[in-house]
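Full structure from sequences and hints, please.
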Amino acid sequence: MSILVKETGAELLKAIRAPEFILPTIFMPSLFYTIFGVILNKGGNSADYLLATYGVFAVMGPAIFGFGTGVASERERGWLDLKRALPSPAYSYILAKLLTTLMFTAIALMPIYLIAGFVGNVELARGDWFSLFAIHLSATIPFVLIGIALGFSLNSGGAIALSNILFLSLAILGGLWFPVFLFPEFMQTLANFMPSFHLAELALSIVDTGKERATGFHTLTIIVMTLGFLALAIFAWLRQRSI
Amino acid sequence: MTLINSNSTELASALLCSDVIKRFGNKTALDSLSLNISATGVTAILGANGAGKTTLINCALGLLKPNSGSISLFGKAPGLAETKQLVGVMLQDTNLPDLLSAREHIELFQSYYHTPLSISQLCELCDLDAFIDQRYKKLSGGQKRRVQFALSILGQPKIVFLDEPTTGLDISARKTVWRTIRKLSQNGTAIVLTTHYLEEADSLADHTIVMSNGQIIADAPTEQIRASAGGAVIRCSTKLDAQTIAAVEHVESVDHHGKHLEIRSADASKSVKRLFELDPSLSNLTISKSSLEDAFLELNRKV
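From first to last, the protein sequence lines are chains A and B.
FYI, the numbering for the first sequence is 6 to 248, going by my numbering.
FYI, the numbering for the second sequence is 502 to 804, going by my numbering.
Hints are computed from structural coordinates only; laboratory data are not their basis.
Bear in mind the structure is a predicted one, so any value in this text is a computation, not a measurement.
Treat the hints loosely; a few may be bogus.
[Unchecked claim] Here are a few chain A residues that face chain B, going by a calculated C-beta distance under 7 Å:
(1) R22
(2) R89
(3) A90
[Unchecked claim] Taking lysine to any residue and the SDA-like style, the derived pairs with C-alpha atoms no more than 25 Å apart in a straight line are:
(4) K88/A <-> L517/B
(5) K216/A <-> W182/A
(6) K88/A <-> I633/B
(7) K639/B <-> K659/B
(8) K659/B <-> W84/A
(9) K19/A <-> G642/B
(10) K638/B <-> L17/A
(11) K88/A <-> H615/B
(12) K676/B <-> Q635/B
(13) K566/B <-> Q622/B
(14) K88/A <-> Q622/B
Each residue gets a CB set at the ideal place from its N, CA and C atoms; glycine is no exception.
Here it is in structure tokens:
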């Protein structure tokens, strides 16, 4: 237990001391939300709609970059080999990184919620705010697993490149920046393959209640996808250990 | 093939390997390797690059699984949590996270061990005071190595593996590490270090293991390996040819070194006397006790 506390403390310090990680992952989502959801809002419901989707966007950054590029660079430096020779359990490193990511996710979500509530005039029941927060926070898991798979498979250069490509594709193709219903038909089909799309739909089911959504289908799909990412992550982790 | 072997089975064993084979693809990194490292003193593992030193250490730590054979540390299997409590390690080419200070690294590592050393104890052993609160990124090569070294001994291990602890360090940083290794050894910790600085093994190691192509070609007290190179090395300029010199009594080998000859002799004074008889004009004579380097070159030549 004390190992986990210390390990999480160390991860937090590392994250806080890396402004190139902190600034884009924490401030970019709320900045984008302010511009596109609030300032450019021409009397429609984009403040509500984009609250749901930018929330998912805010979660993706810390998860994919924190794990993908973070793990890859620490592995490349031989740090993970050394850790395997130490009497600290392997899960404490992953769990500490996960807890850190969840904290940063929560920190990244807060300004979006505050801007939505106080400036964007988004009105939700208190229970719905909590449901939305729960959905956004649990959206971390599939992206963390993607990050782990990347971090254990690629060198740090490759991980940075692929993390960026995935990050942007998941954001745009999953309809986090522009609603999917504005897309041409083939892109709407493509969105079905994006975990970000299904997570956004689940978040929308709470915020944008005017439209019927297949929440059962989206929940099932995201669970299946997450299990797939879990398998990939475990495979990548085992492979680098067995060399 | 073991050219030199001494049985030290009467001493308690720290690391015991028997018939260990490790292959990478079709390359055999460890070739039926057996050894027994005692629980006290400093043991140096010497060998050229690719001899298998690092592979051996990684197998002993449980980071690599041998294809066959068995390894035990104090009777326990490598890689188990209880084994890791007894083992300290400094791996080759390892960098700690840049953004934490030495103190923060130490505090994290202290949580891993049952009976960790305190920060002040580590500062004293490894001279960390001057930079304990600086971020790892800002430290010089020697300072980084000292931090890694401090972490390797922090858990009060019974055996410490140091994989090329001083590679890339300047001579003063290297001497600091040596001093600490000696101090640690006096406290009764077994130390296993790999190095390709023969000088390092020469000045530190009680026991030396020489590896070549995944096999052990010598395993004996350092003193004995040094002696195996022959009593001394005679350097001189002479008009005698190598064949004539080789025929001189006690001479073991003759090498050309520029204008000089290097003659290895089991009994230098007798050989020199005879050389002067054969060539009274012999000049530039020096005689030196053979070093571990001589022994190492000699051993590698025989393989």
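Hint-by-hint comparison with the structure:
1. R22: Because about 4 Å separates R22/A from the closest Cβ in chain B, which is inside the 7 Å limit, the hint holds.
2. R89: The hint holds - R89/A has a Cβ within 7 Å of chain B, the shortest such distance being about 6 Å.
3. A90: Where the cut-off is 7 Å and the nearest Cβ of chain B is about 5 Å from A90/A, the hint holds.
4. K88/A <-> L517/B: holds (23 Å)
5. K216/A <-> W182/A: Satisfied, since the Cα-Cα distance of roughly 19 Å is no more than 25 Å.
6. K88/A <-> I633/B: holds (21 Å)
7. K639/B <-> K659/B: violated (31 Å)
8. K659/B <-> W84/A: Cα-Cα ~23 Å, so holds.
9. K19/A <-> G642/B: holds (21 Å)
10. K638/B <-> L17/A: Holds, at about 17 Å.
11. K88/A <-> H615/B: OK: K88/A and H615/B at ~17 Å, within 25 Å.
12. K676/B <-> Q635/B: At roughly 23 Å apart (the allowed maximum being 25 Å), Q635/B and K676/B satisfy the hint.
13. K566/B <-> Q622/B: violated (35 Å)
14. K88/A <-> Q622/B: This hinted pair holds, its Cα atoms lying about 23 Å apart.
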